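Visitor: Chains as they are written, first to last, in the numbering used here: chain A, 285 to 517; chain B, 285 to 517.
Calculated from the structure, these hints are not laboratory results.
Treat the hints loosely; a few may be bogus.
Said to hold, decoys possible - In silico BS3-like links for lysine-lysine, alpha-carbon gap of 30 Å or less:
#: 1; chain 1: A; residue 1: Lys299; chain 2: B; residue 2: Lys479
#: 2; chain 1: A; residue 1: Lys479; chain 2: B; residue 2: Lys311
#: 3; chain 1: A; residue 1: Lys368; chain 2: B; residue 2: Lys513
#: 4; chain 1: B; residue 1: Lys368; chain 2: A; residue 2: Lys513
#: 5; chain 1: A; residue 1: Lys428; chain 2: B; residue 2: Lys312
#: 6; chain 1: A; residue 1: Lys299; chain 2: B; residue 2: Lys513
#: 7; chain 1: B; residue 1: Lys452; chain 2: A; residue 2: Lys513
#: 8; chain 1: B; residue 1: Lys513; chain 2: A; residue 2: Lys308
#: 9; chain 1: A; residue 1: Lys428; chain 2: B; residue 2: Lys311
#: 10; chain 1: A; residue 1: Lys471; chain 2: B; residue 2: Lys479
#: 11; chain 1: A; residue 1: Lys479; chain 2: B; residue 2: Lys428
#: 12; chain 1: B; residue 1: Lys357; chain 2: A; residue 2: Lys393
#: 13; chain 1: B; residue 1: Lys368; chain 2: A; residue 2: Lys308
#: 14; chain 1: A; residue 1: Lys396; chain 2: B; residue 2: Lys311
#: 15; chain 1: A; residue 1: Lys312; chain 2: B; residue 2: Lys368
#: 16; chain 1: A; residue 1: Lys479; chain 2: B; residue 2: Lys513
#: 17; chain 1: A; residue 1: Lys312; chain 2: B; residue 2: Lys454
#: 18; chain 1: B; residue 1: Lys428; chain 2: A; residue 2: Lys357
#: 19; chain 1: A; residue 1: Lys486; chain 2: B; residue 2: Lys452
#: 20; chain 1: A; residue 1: Lys486; chain 2: B; residue 2: Lys479
Said to hold, decoys possible - To list a few chain B residues with every Cβ distance to chain A over 12 Å, as calculated:
#: 21; residue: Leu328
#: 22; residue: Glu343
#: 23; residue: Glu344
#: 24; residue: Phe388
#: 25; residue: Ser389
#: 26; residue: Asn398
#: 27; residue: Val405
#: 28; residue: Arg417
#: 29; residue: Ile420
#: 30; residue: Glu424
#: 31; residue: Glu427
#: 32; residue: Arg440
#: 33; residue: Gly457
#: 34; residue: Leu464
#: 35; residue: Gly467
#: 36; residue: Asp496
Only a predicted model underlies this, so the values are computations on that prediction, with no experimental measurement involved.
Even glycine gets a Cβ: it sits at the ideal position worked out from N, Cα and C.
Protein chains: 2
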Amino acid sequence: MVEKVYGVGVGPGDKELLTLKAVKVLKKVERIFVPVSKEGRSSLAYYIVRDIVEGKPVEELLFPMIGDRERLKEYYQRAFDSVKSSEGEVAVITLGDPTLYSTFSYLWKLLKRNNIPVEIVNGVPSPVACAGRLNIPLVEGEEKLVILPRGEDLERYLGVFDTIVVMKTKRLGEILKRALNRGERDKYLIGIVSKGFWEDEKIQWGGIEDIDFQGINHYLSLAIIKRIKREDI
Amino acid sequence: MVEKVYGVGVGPGDKELLTLKAVKVLKKVERIFVPVSKEGRSSLAYYIVRDIVEGKPVEELLFPMIGDRERLKEYYQRAFDSVKSSEGEVAVITLGDPTLYSTFSYLWKLLKRNNIPVEIVNGVPSPVACAGRLNIPLVEGEEKLVILPRGEDLERYLGVFDTIVVMKTKRLGEILKRALNRGERDKYLIGIVSKGFWEDEKIQWGGIEDIDFQGINHYLSLAIIKRIKREDI
């Protein structure tokens, strides 16, 4: 049976944003588990660590993107069984950080319930990385931040928070245009980083009319919506 | 005049949570600037990188914790002048990440206004690091997260968000006890990490009655408040 499981965040996409601890742990473990959404699909998380773990056994864990919770549970259980039945210390890698909307969280629960030791190795999460790419602070001083997995109910938070992060940008254009009346559109700036740090990275920053919501990879995009302050002008 | 300024996040306190990029940049720059709140006060950010930057010129930037905005602006201006008048490429270090409630943000504005090139080197921010220490996910699936600099108006967000992070825990005990009626107290779990990763780290996790709000270092503490879900029980 497995002795210990490291949940390792590999950061947002830049190999240099790996932590020293992630490198150390990935080098010492017996086996690397890589969550994938489809069998054989190339994993971005694995791409980041590929050179470091060369020659080490790598095993895919299948977490398909389906809505059916009962069927999903079967996949979690199967992933858990694979991890549990491995030897020594192992690592499960995840893009960004393991505590923030990570596929690792499902496995984490099963590991804890079965008293298998887990240690988290934090990574740089995508919201701060995207703010870095946009060359803007996410929040400062007394500002408040909200992070939404998707933006469907975005209008509840506009006007209340200084900064809103939307993790998945699918349909964000529609939602924003519906949520913001013409007079309000000037009050916000929107940053979208698509495929941050990758060769085909696309960075946009401007008013709602300036953003091209088409043609971005919505699965790997993140939006930062900032209320404009007087001092910014 | 300075050629380029790196805003470098050195992570939450564990030297191993530095990124490879932070190490590379800190080794190559001509000079390291360290924000401090009092002259001569030992800086935790500097402690993290001390071994890496050995022998390199290190200069303190004074950002006192005072409310007077006009006087503060003088300090920002003085810090900006020091950075601007240095030679070659330099780094300004900051605990956690430079985009999330960082002292760097004040300097950042002045640098951008003066067209001095800035590059952000992201670090692991404290909210995800504290979730890691508590061995809990911050958010998963469709959950929503709010991050507050302080908790004064915490009651507006309880019941609306799955997870609330409070960056500074001063008076949090009072605020939570006032905000939560007796019947509601069982609905939340509270995690407080004080001096995370340091030798005298203190980790607490439990119901509001279980937490010792006294005797923690409030400047270096962070609270995570989670609404209990049926599936957790």
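Visitor: Now, for every hint given, state plainly whether the structure supports it.
Guide: Against the structure, the hints:
1. Of the pairs offered as hints, the one joining Lys299/A and Lys479/B holds, with about 29 Å between alpha carbons and a cut-off of 30 Å not exceeded.
2. Distance hint between Lys479/A and Lys311/B is fulfilled; the C-alpha atoms sit about 28 Å from each other, no more than 30 Å.
3. Restraint check for Lys368/A and Lys513/B: satisfied, since their Cα atoms lie roughly 26 Å apart, inside the 30 Å limit.
4. The hinted pair formed by Lys368/B and Lys513/A meets the criterion: a straight-line CA distance of about 26 Å does not exceed 30 Å.
5. With a C-alpha separation of about 35 Å, the suggested pairing of Lys428/A with Lys312/B is violated against the 30 Å cut-off.
6. Restraint check for Lys299/A and Lys513/B: not satisfied, since their Cα atoms lie roughly 36 Å apart, outside the 30 Å limit.
7. Distance restraint check for Lys452/B and Lys513/A: the Cα-Cα separation of roughly 24 Å lies within the 30 Å cut-off, and the hinted pair is therefore satisfied.
8. Distance hint between Lys513/B and Lys308/A is unfulfilled; the C-alpha atoms sit about 35 Å from each other, more than 30 Å.
9. At roughly 34 Å between alpha-carbon atoms, Lys428/A and Lys311/B are farther apart than 30 Å, so this suggested pair is violated.
10. Taking the CA atoms of Lys471/A and Lys479/B, the gap is about 38 Å. The hint is violated against a cut of 30 Å.
11. Distance check on the hinted pair: Lys479/A and Lys428/B sit about 23 Å apart at the alpha-carbon level, within 30 Å; holds.
12. With a C-alpha separation of about 48 Å, the suggested pairing of Lys357/B with Lys393/A is violated against the 30 Å cut-off.
13. Proximity of Lys368/B to Lys308/A is assessed by CA-CA distance (about 37 Å); at most 30 Å being required, the pair is judged violated.
14. Our distance criterion of 30 Å between C-alpha atoms is broken by Lys396/A and Lys311/B, whose separation comes to about 40 Å.
15. The straight-line distance between the Cα atoms of Lys312/A and Lys368/B is roughly 43 Å, outside the 30 Å bound, and the hint therefore fails.
16. The straight-line distance between the Cα atoms of Lys479/A and Lys513/B is roughly 33 Å, outside the 30 Å bound, and the hint therefore fails.
17. Restraint check: the Cα-Cα separation between Lys312/A and Lys454/B comes to about 40 Å, which exceeds 30 Å; the hinted pair is violated.
18. A threshold of 30 Å between alpha carbons decides the hint, and for Lys428/B with Lys357/A the separation of about 22 Å falls inside it, so the pair holds.
19. At roughly 35 Å between alpha-carbon atoms, Lys486/A and Lys452/B are farther apart than 30 Å, so this suggested pair is violated.
20. A threshold of 30 Å between alpha carbons decides the hint, and for Lys486/A with Lys479/B the separation of about 38 Å lies outside it, so the pair is violated.
21. With 12 Å as the threshold on Cβ separation, the claim that Leu328/B sits away from chain A holds: the shortest Cβ distance comes to roughly 17 Å.
22. In this structure Glu343/B is separated from chain A by more than 12 Å, as the shortest Cβ-Cβ distance comes to about 22 Å.
23. The Cβ of Glu344/B sits about 21 Å from the closest Cβ of chain A, beyond the 12 Å cut-off, so the non-interface label holds.
24. Not every CB of chain A is more than 12 Å from the CB of Phe388/B (nearest about 8 Å), against its label as outside the interface.
25. Look at Ser389/B: its CB is around 4 Å from the nearest CB on chain A, not clear of 12 Å, so calling it non-interface is violated.
26. At roughly 14 Å from the closest C-beta of chain A, the C-beta of Asn398/B stays outside 12 Å, upholding its exclusion from the interface.
27. With a least CB separation of 8 Å from chain A, Val405/B falls inside the 12 Å interface cut-off, contrary to its annotation.
28. The non-interface label for Arg417/B is inconsistent with chain A: the shortest C-beta to C-beta separation is roughly 8 Å, within 12 Å.
29. Non-interface call for Ile420/B relative to chain A: violated, since the shortest CB-CB distance, roughly 7 Å, does not exceed 12 Å.
30. Not every C-beta of chain A lies more than 12 Å from that of Glu424/B, the closest at about 4 Å, which undercuts listing it as non-interface.
31. Taking the minimum C-beta to C-beta distance to chain A, about 7 Å, the non-interface status of Glu427/B is violated against the 12 Å cut.
32. For Arg440/B, the non-interface assignment is contradicted: its Cβ lies about 8 Å from the closest Cβ of chain A, within the 12 Å cut-off.
33. Chain A leaves Gly457/B outside its interface by the beta-carbon criterion, the shortest separation being 21 Å against a cut-off of 12 Å.
34. Taking the minimum C-beta to C-beta distance to chain A, about 20 Å, the non-interface status of Leu464/B holds against the 12 Å cut.
35. The Cβ of Gly467/B lies farther than 12 Å from every Cβ of chain A, with a closest approach of about 26 Å, so its non-interface assignment holds.
36. Under the 12 Å C-beta cut-off, the non-interface status given to Asp496/B relative to chain A holds; the minimum distance is some 24 Å.
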